[in-house]
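Letter by letter, the chains look like this.
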Amino acid sequence: MTFHFVLLLSRQGKTRLTKWYSTFTPKEKQRMIREVGSMVLNRSPKLCNFLEYKDYKIIARRYASLYFIMCVDKNDNELLTLEITHHYVKILDRYFGNVCELDLIFNFHKAYYILDELMIAGELQETSEKTVLRLIATQDALQENPGDGGKPGTI
Amino acid sequence: MSRRLKDLIKAARGAKTAAEEREVIQKECAAIRTSFKQEEADYRHRNVAKLLYISMLGYPTQWGQMECLKLIASSGFSDKRIGYLALMLLLDEKQEILILVTSHMKNDLNSNNQFIAGLALCALGNISSQGIARDLAPDVEKLLGSTNPYLRKKAALCAIRVLRKCPDLMENFVPRIRSLLSDRNHGVLLTGVTLMTELCETDAANIEYFRRLVPTLVRVLKNLVMSGFAPEYDVNGITDPYLQVKILKLLRILGKGDAESTDIMNDILAQVATNTDHSRNVGNAVLYECVQTIMNIEAEDGLRLLAINVLGRFLGNKDNNIRYVALATLGKVVSADVEAVQRHRNTIVDCLKDPDTSIRKRALELIYALVNESNIKILAHELITFLQTATVEFRADLAVNLCRVTERYSPNKRWQVDTILRVLQIAGNCVPDEVCYNLINLVASSPELHTYGVQKMYMSLTNDHTQQTLVQVASWSIGEFGDLLLSLPASDREINVTENDVIDLFDKILRDPATTPVTKDYILTALMKLTSRFPSGQKLKSIISRYQSNIDLELQQRAVEYSKLFAWEGIRDSLLERIPVLEQREMKTATVATANGTGEANLLDWDDGPTTTSQQPSSPTPAPAAAAPAASSGLDILSEIFGSSAPVSTTTAPVNNVAAADPLDFLSALTPVASTPAPAPVAAPTPAAPLNGPLPTQTVFQKNGVTVYFDIMKQASTPNITLINASFSNANPFPVANFDFKVAVPKYIRLQVNTPSGNLLPPNNSGRVSQSFKLLNSNHGEKPLLVKIKLDYMANGAPGSDMADVSFPEGC
Numbered sequence: 001m002t003f004h005f006v007l008l009l010s011r012q013g014k015t016r017l018t019k020w021y022s023t024f025t026p027k028e029k030q031r032m033i034r035e036v037g038s039m040v041l042n043r044s045p046k047l048c049n050f051l052e053y054k055d056y057k058i059i060a061r062r063y064a065s066l067y068f069i070m071c072v073d074k075n076d077n078e079l080l081t082l083e084i085t086h087h088y089v090k091i092l093d094r095y096f097g098n099v100c101e102l103d104l105i106f107n108f109h110k111a112y113y114i115l116d117e118l119m120i121a122g123e124l125q126e127t128s129e130k131t132v133l134r135l136i137a138t139q140d141a142l143q144e145n146p147g148d149g150g151k152p153g154t155i
Numbered sequence: 001m002s003r004r005l006k007d008l009i010k011a012a013r014g015a016k017t018a019a020e021e022r023e024v025i026q027k028e029c030a031a032i033r034t035s036f037k038q039e040e041a042d043y044r045h046r047n048v049a050k051l052l053y054i055s056m057l058g059y060p061t062q063w064g065q066m067e068c069l070k071l072i073a074s075s076g077f078s079d080k081r082i083g084y085l086a087l088m089l090l091l092d093e094k095q096e097i098l099i100l101v102t103s104h105m106k107n108d109l110n111s112n113n114q115f116i117a118g119l120a121l122c123a124l125g126n127i128s129s130q131g132i133a134r135d136l137a138p139d140v141e142k143l144l145g146s147t148n149p150y151l152r153k154k155a156a157l158c159a160i161r162v163l164r165k166c167p168d169l170m171e172n173f174v175p176r177i178r179s180l181l182s183d184r185n186h187g188v189l190l191t192g193v194t195l196m197t198e199l200c201e202t203d204a205a206n207i208e209y210f211r212r213l214v215p216t217l218v219r220v221l222k223n224l225v226m227s228g229f230a231p232e233y234d235v236n237g238i239t240d241p242y243l244q245v246k247i248l249k250l251l252r253i254l255g256k257g258d259a260e261s262t263d264i265m266n267d268i269l270a271q272v273a274t275n276t277d278h279s280r281n282v283g284n285a286v287l288y289e290c291v292q293t294i295m296n297i298e299a300e301d302g303l304r305l306l307a308i309n310v311l312g313r314f315l316g317n318k319d320n321n322i323r324y325v326a327l328a329t330l331g332k333v334v335s336a337d338v339e340a341v342q343r344h345r346n347t348i349v350d351c352l353k354d355p356d357t358s359i360r361k362r363a364l365e366l367i368y369a370l371v372n373e374s375n376i377k378i379l380a381h382e383l384i385t386f387l388q389t390a391t392v393e394f395r396a397d398l399a400v401n402l403c404r405v406t407e408r409y410s411p412n413k414r415w416q417v418d419t420i421l422r423v424l425q426i427a428g429n430c431v432p433d434e435v436c437y438n439l440i441n442l443v444a445s446s447p448e449l450h451t452y453g454v455q456k457m458y459m460s461l462t463n464d465h466t467q468q469t470l471v472q473v474a475s476w477s478i479g480e481f482g483d484l485l486l487s488l489p490a491s492d493r494e495i496n497v498t499e500n501d502v503i504d505l506f507d508k509i510l511r512d513p514a515t516t517p518v519t520k521d522y523i524l525t526a527l528m529k530l531t532s533r534f535p536s537g538q539k540l541k542s543i544i545s546r547y548q549s550n551i552d553l554e555l556q557q558r559a560v561e562y563s564k565l566f567a568w569e570g571i572r573d574s575l576l577e578r579i580p581v582l583e584q585r586e587m588k589t590a591t592v593a594t595a596n597g598t599g600e601a602n603l604l605d606w607d608d609g610p611t612t613t614s615q616q617p618s619s620p621t622p623a624p625a626a627a628a629p630a631a632s633s634g635l636d637i638l639s640e641i642f643g644s645s646a647p648v649s650t651t652t653a654p655v656n657n658v659a660a661a662d663p664l665d666f667l668s669a670l671t672p673v674a675s676t677p678a679p680a681p682v683a684a685p686t687p688a689a690p691l692n693g694p695l696p697t698q699t700v701f702q703k704n705g706v707t708v709y710f711d712i713m714k715q716a717s718t719p720n721i722t723l724i725n726a727s728f729s730n731a732n733p734f735p736v737a738n739f740d741f742k743v744a745v746p747k748y749i750r751l752q753v754n755t756p757s758g759n760l761l762p763p764n765n766s767g768r769v770s771q772s773f774k775l776l777n778s779n780h781g782e783k784p785l786l787v788k789i790k791l792d793y794m795a796n797g798a799p800g801s802d803m804a805d806v807s808f809p810e811g812c
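Just so you know, the protein sequences line up as chains S and P, in that order.
Per full-length UniProt numbering, the very first residue in the first sequence carries number 1; after that it's consecutive.
Per full-length UniProt numbering, the very first residue in the second sequence carries number 1; after that it's consecutive.
Hints listed in this document are in silico derivations from the structure and should not be mistaken for laboratory results.
You can trust all of the hints, since none of them are fake.
Computed spacing ranges between beta-carbons, pair by pair:
no.: 1; chain 1: S; residue 1: LEU41; chain 2: P; residue 2: GLU448; range: 52 to 60 Å
no.: 2; chain 1: P; residue 1: THR17; chain 2: S; residue 2: SER10; range: 13 to 21 Å
no.: 3; chain 1: S; residue 1: GLU28; chain 2: P; residue 2: THR466; range: 37 to 45 Å
no.: 4; chain 1: S; residue 1: TYR53; chain 2: P; residue 2: ASP319; range: 18 to 26 Å
From chain P, some residues computed to sit far from chain S (all C-beta separations above 10 Å):
no.: 5; residue: ARG33
no.: 6; residue: SER179
no.: 7; residue: ILE384
no.: 8; residue: ASP504
no.: 9; residue: PRO535
no.: 10; residue: LYS774
Think of the CB as a built atom: it goes at the ideal place given N, C-alpha and C, for glycine as much as any other residue.
Same shape as in the complex, but just chain P (with noise of 0.2 Å):
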């Protein structure tokens, strides 16, 4: 005699403990088991049930998915109705058992009793494999065209599960939506508009087909809203917003782009948004889908207001389920209309305030859109502050977009040097190495902040020194600049400094465990500069003497090497001049890559390439008579003096970062980093070949005002491969979008081209794209280097292309 289901949820709650559960539960299976062994077909339904709960407990309940089948073979409507829905519970597509069950189901399928069909149809829609969808469909089609609509709409969303499996089976679907479409049951409606929508989804060919469907579609919608009260139909006074919204959204798909059909749908959607009672949480729904479709089509101004202005009531809602959609719409749409999203700014930002993380997530991301030159101070203030409060989750995503907006609107450099300062005392330990090398950048890059910079940092230094990346920046600019720290007029002088303060600060910070190798191997560099900035050495000397003998090897190898510079009298002073301004361009390249994110290590991306190659034929660190005559750059001095013997096994951070590296050069200059991916042994190092040095850069083509450069750079091991880096400038007062470069090469070349650092040339030569590759010439020597470049862009709305050929000095 067998437990009826009640009985065994009974036991299995009065379970005091989980133990106790444990074992009701493995006794049940176990009687399970045995009525299943003894087939005891009248049982089977209520075992099978029994499953059901044992297995939403958590039990494994695998060894009776058999028996489903068992119940689905059966004739029964009630065992076919528990069996259907324990294979559902019990089984996904994956399992291959599943494959049993189709010549049933599809016995089923054609069954004269609805409801068995319509079990089917359910367990079809919901856990059919390819292969099974494959074989049911012409079934599915059949029962599409049936006239009780509980058949159809079942087929429907059946169909729909058949082509997310088999998207080749579209075109047995896609001429019986019309039919679907003139029936008045709402489920039939409904399931008919989301099956075209889904076909829409598949294939955007079918948006074409289906846009004569519009004015059909507009009618539905239009009876909808105009009927009256419909007590079926009806949710809170709006009669089926489901069936509304369903339209809503697949008129947003065929009237995207396409003037003809918005206009057919332009007064249903004014209605909607106008007539639609907003005091409840489901006219807010379909409000909310006919605000996305209104801003995606091609709608005019007036009813693309109503929709901003629906969204606004919206911000101002008390509901925050309201504010959480306002919000989201709004990120959605803000490219569309800045102007309109800019009036509810100060709503927007008060959200930023709100204790839901939701909405703030939200606030972030759309504030992020609305930032522009007028409003950053504002807006970075109120991000800032933020920041103050943000929880570690928001922390480090806000650190780097405050960054990032910082560097790309700021209204002058000191602000910019402030705000960054400011996000990095709050945040400095969750930011990228890249807004360290950008700030690193801008100071250096501009005279007038040096002083003012150096100052600064070292105030926020004795402040805090936990932050690492404000550290390391503060290292920099101190050991760049420290004799400014001193030698500043009284007048201008916040705060007193003497040599000592600096050097002790420094060996505070170096002490603190908390301070990171990488850290301390800017803080190493700055000492070493200094002792040519400061009139004493000695204590100087050392401090960098202690770390000879450090565990870290990086910093063991710079202690050493710096020290053995303290016999190199002759040269040091020189070797340690300050870094010359760098030019502008450079720094913006650096800024256009690390905004896109990719270009950084593209450099770095050649399989047998020197990654050292961080010279700038613009910038000529002055080089002392010692210097080997291709040394252009203090690089090429320290190869020669050191012999680049330097284990390969260390790497540091700022020489992953080539192109926004630039700053460092002297520190990447003692690190030279062996890319050679051949798992060179540590302890043999290889001397790196030395560079041809750079030629100069030459400008390969000019035309409409974009301009392409090339930095062509070789090795002398290697003649026969050629590095270029090729960036892109445009001197069109307006911006160059969709920026394509192709490169095309004879056959006895080989080309590997990396990805470009982005493909907007922004305008009046203000920034420039650049994009790396390499040429092998397998027939050096004999036959000349030779590309051809293909540019196609976006310039001022019109599309433009050009082609060139690009032939290369003599030794190329």
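Just chain S, with the same shape it has in the complex (with noise of 0.2 Å):
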């Protein structure tokens, strides 16, 4: 298995994005996000993105005030992980148009949306950005207009 959970903190070491790909229970939840947290953010940037933890590993790379934190397996490519970050930022970057820790915090759901094209079972499902950012615009749209009888989705 590749990524076991992807967490967005914010350089207060909010919680700003959780989705976890294997299951724990509420209270392993609350304790990694804690340790791993504490461990991710008090660490200088000069160092390797890469920690050790329990069995897995953390990725961690910090963007603007955002820190986009990924726990893979013991044996996944880290180098690849850190593609697969940027791969996902850079979706953010498009979709929201210069993204910024705002942006995230009121359309957290939008968030959601994006990594759900972009992962499925801890698993990377999409490698074109336009295709990503197209689905995405295509589900807004229908969520704005339901052509099906259904009710226009504002939130």
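Mind assembling these two chains? They're in different frames, but the hints should get you there.
As structure tokens, then:
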């Protein structure tokens, strides 16, 4: 299995997104967020982006005020995990147009929708930025103007 | 009227204190609850979205789970979209209400709207339980055959989840793979390759089956590498690195151990390894995967060299990430090609000085693997330098490993003593007891080291006595060889020591509150031994007697017993005589046991056997005239004297390690541990039955250079039980690996076998592996003890197997 969870933390340690691909109890989840968060937040930016945590490997990279934290298997390709993170960030950036933390706070559900087009079961699903953006745009339009008799979904 | 999500987020963020935020959330929760109760379907999706935000802030939201189901049940896409999102975030496979969603999911999977089917697939792939996975597997299978790539790629990843939950459904997916690989869509290719990898990991039988697809995979990879600029999939000049890496990983699985598949992939691997641009992270990600594949398949030497060189280039990279993966990969491949990795040794050692913990950790692991006879001196020096500055998290592990490699590769004993003492001086508080036993063993078994060792240890002790293990080893040595410390010829003397210096030093350490009780036990024994080494015993006697009322039971007992010994002037000197030089093999056995970390406690596992079985038939202690006839070691003499009536509540560390505790016979003798599991009351000591004494070691089997010895032990009180310590040696010039020893017995005998101390027999009889077992003869006296032994091993690459019948001497 590739990804066990994806975690977005602000510099202050506030959770911005959590996606679990392996099953943990709520308690375990909280503990992992706390432990991983403190490991990542207290790390000097000059050091490498990889941390060993339990039987997993944590790949963390900071983009502006947000930490993108990926938990993968010990044997997974760390460098590629960084690329996947970057792939996600690039799509977010294109979608929101110069994405910032506030975009993700007020549109957290959009960040999840994008992630869901990118990964399922902890495995990468789509490698083309353009495809993901097109799919999300189509679904957004469908949500605004449902042709199927449903109601438009303004949240 | 319901508040919009945006307004809630604003309100929560506007809260100045945690209490204020809590209030905002509680109010909102109340409003949402009311809305849910009134079944306001129009606001449901908005309320659930707010719930997601509230849950992310860390508030409980279980009460809203049913609403996700209602959203999913609604017909509109916008409701379903938020419903499925909430389902994945608020629920997991363990929640029982998840089962309620199965039928809706089934409907959605078959929806005409690809996006609705996509939502269902996504939820199924991320959180399905075993039950749901099984129920919906046929639908996933159907979608795998869809012509719509959007559904196809999602179905492939769903299949992975299904497989993880129900591996038995594997056969349904295997035939689908070929058509997935012929799809032109990268998403489908990627997920298809991922599914294939998963199938290989689920069942190795699939690997064989999928090998026929290697040419297809190679072709796909070739197209990626050779294709020109593909804007949609380009990442910094590399076409779809994600897919490349996935294929490389799969090729590794398929090529491992199969020369034919390896042949097909050799060219493309060489091409990837040479042509991939290594100036950016993404190129290095592909190279990294490629190197791992080359090192794992049956690649030819040229290709391997290419791979190792790529790693060498990684090591020199400025980017910490790249150096990290280089070290990690070298660690994985070091067993395959030590020589090639050795060339980068200096760079690797430099990584120990890196400020990055992750890198230091990887470098250390790699160095442990690189140590050998020729470089032990240099590397041990580097490691000790590192140990001095190492943080706590490294220290314990490093100290143990340093001792391990030193014991294994040391060029001479004197150097070994120096090095281990150095480690103990720096990190004597975080090494396991075995290090102490092994060092004692080493000094005791080499007469040429007695004077040198005791002097060296005395000096380190005067410098620092806070490292407990160091104090323990030094105390033992000074107790044993204290006279040598004083009687040095003037020319050899680096320090002037008087009897009083030694005693005062011990006294000072005993009074130090930081000294642990176990260390005090060692010192007390040392003081006792010194009474026969030093001319005047009065001062020693007074120190010992001071502990007769110590609160520590073990210490008190020793002090009392030792003080009693003063009354036995006639035999005291002979009792306290120097422990005879141990036979090399004993020492080696102990080392093997320690290296494996398992063998030590084996002898203690007997549920009713004696634990103080550390006699060595081959090293008889000079027995005084007063000793019992059967006594062949100090143990029995002392058991006679003290009647073995020790309280059973105390166990000291030395005795716990029977295999390695040989030099501590004297110590263990005075603390017989009745290990009867039946909770013996502390106040009612049970005199241990005297041992029959061990029978001489028997050579029970000898063939192809492999020899099996039995040390047989019995206890008079339980004549039907026989303890056997089997040890194995190898006279061949090559090591014997995968050594497996099996014992079979007739029906009337019950057998209990303990784990062996290792499975590798070193060459030229240079060490032994031991394994103990226990026989219970239910027809004792009527039928003889008989066993059949079977040996399986790999000698020089060829498997060997031998069987033999063993009968036992009269009386067993």
